[in-house]
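Once you have looked at the hints, place chain X on chain U.
Number of protein chains: 2
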Amino acid sequence: MNIGQLTTPALVVQHALLEANLTTMAAALPGTRMRPHVKAHKCSALAARQAQLGHTGFTCATIAEMEGLSRSGLGDDLLLANEVVDAHRLGALVRDGARVTMAVDSEQIIEAAVAAHVPEVLIDVNVGLPRCGCRPEDAGRLADRARRQGLTVRGVMGYEGHIVGLEDRSRRMELLEVSMGLLQKAHEDVGGDIMSAGSTGTYDINRWATEIQAGSYALMDTAYGKLGLPFAQALTVLATVISVSSEWAVADCGLKSLGMDHGNPTVAEATVLFCSDEHLIFSPQRPVQVGDRISVIPAHVDPTVAYHEFLHVTDGEEVLDHWAVDMRGW
Amino acid sequence: MNIGQLTTPALVVQHALLEANLTTMAAALPGTRMRPHVKAHKCSALAARQAQLGHTGFTCATIAEMEGLSRSGLGDDLLLANEVVDAHRLGALVRDGARVTMAVDSEQIIEAAVAAHVPEVLIDVNVGLPRCGCRPEDAGRLADRARRQGLTVRGVMGYEGHIVGLEDRSRRMELLEVSMGLLQKAHEDVGGDIMSAGSTGTYDINRWATEIQAGSYALMDTAYGKLGLPFAQALTVLATVISVSSEWAVADCGLKSLGMDHGNPTVAEATVLFCSDEHLIFSPQRPVQVGDRISVIPAHVDPTVAYHEFLHVTDGEEVLDHWAVDMRGW
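Going down the list, the protein sequences come from chains U and X. The opening residue of the first sequence carries number 208 in the numbering used here; numbering runs sequentially from there. The opening residue of the second sequence carries number 208 in the numbering used here; numbering runs sequentially from there.
The shape of chain U in the complex, shown without the other chains:
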């Protein structure tokens, strides 16, 4: 199949760039030093390739992602790096043979793990991002409580999400040291082998974590593209020009095919003016025609991919494969 035959808008992944990203990461953080986060791609075929390259443990944000990996035979060591109040579907995965670890940051979430017969947890620690995670000084107490309830506490996790997107690398390193200092102290109180943290934005500077939860590096977006990392923009949204006026042009790729929280997407040799539900309005530097195809680079990969059914894997003009985005929903 030729790329020209794809119905647009369509997610296109350049196979060579994806492979380069995956192998670069596997060389930097081999094996279980990397615990790929699947929330950015939600694609079990892509996860299978990450596992082939040695990363046999995975990070998830939703139960649906945990189920998708387990169903695909990738359930060796699954971490739900997020709190859930009703964990009974995770208990079912355990009974099916998956190794399941839950993040817990309160007594209520510990109760949820116990009630669902999820045997293993990490204590989720707030390391500066105002989101989930207990106070560092409460981590030891929560670990004790979890153990008293019969759970195995494998260690701690703490996501430095307030740092990972900072463009100044030295500032990123400086703040990371503070965050990881908090996590390290909590780890001492908690025990266990694991100190899980990180992201694409800190994969090469987080020397404290025992494992890194990076996801975006595989496909990339313009937000992480600003950081000067050795990962290429492997994902684009292919769109068709449907209308051209003297001052602007319109392509069929809008708010329902792009995550917009980080702002407008980018189009080469063009200025993006605005997006509406099914339209991207842009001012091209060179004339375009109705029917032309353009490549749109999303500002934020995760909520972009979540709108689409397939990642179309390409080599030049050839479509090699259609990988289902099979871990959407909740």
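It is worth saying that the hints were derived from the structure and are not from the lab. Check before you lean on any hint, since a few could be wrong.
In this list, chains with the same sequence are indistinguishable; a pair is considered to hold if it fits within one copy or across any two.
[Claimed, not checked] Here are the simulated lysine to any residue pairs, SDA-like style, with alpha carbons at most 25 Å apart:
no., residue 1, residue 2
1, 392, 381
2, 392, 379
3, 392, 452
4, 433, 470
Being a predicted model, the structure only gives us computed values, none of them experimental.
Chain X alone, transformed into the frame defined by chain U:
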């Protein structure tokens, strides 16, 4: 089923409010004076209720929406109010018995209609929104060309999208008169019975259009909520509180369950601080507990619904039905 049993995040539609919105609109613009736009809900069950109330013609933004309506027996008069370069799937709908009309704004799109054997078109006219639509002065020429190619030209359409969200009603009316003046002039040049325009934001002030393409009124969002229209917020995203600290709380409803182009969603008696992929971080005015359910009102309904598989229709705590959002994708 009780609402408490829904897996969150979940789209919840209060049946009584939806019915009130639909009947209010059907009273204001009965029968074919309204051509409901399905892009906001993408749900054939909801469209079927709109048809029951007398609106037997529909507006679509994508071919997938046209196919969904046709498949559901709602193909009496389907308008694709958007340009497409490859219309062959629309031709298949025509052969299956649907009445299909395409918006055309260039010679290339007229060619696409001809090539696909789509028999009827509207000339799409730019009435001030810098998006699709030909220049008003080109509409007559395009209509002539379409007729020479054997197409039936049913009239014109022109979407006043730059006006529909203005909060000042008198300003909305003033600019609308300018836009509809342009469309009226084009209509004189084009001929045909139809002058299709409008939106939820102008449904009651657009006295020029022969039919109104409103969609958001059925479910509503905070953007249209500001206009003082007689439509209630029927849709909310139900979320579960998963983490609580002394200063903020976190619910499981993030960027992958909310359209974010219009900004943050709203939560009653709380300030929304930010959203990340699967999290909404908010500062509640009253204490909340892990496990509490909250209702989140999206800023923009269309790209919110497009992330979800179901609209859960409720009466108080009871879930009456699960309507599939069955017209997603392209």
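Checking each numbered hint in turn, tell me which of them this model violates, lowest number first. none
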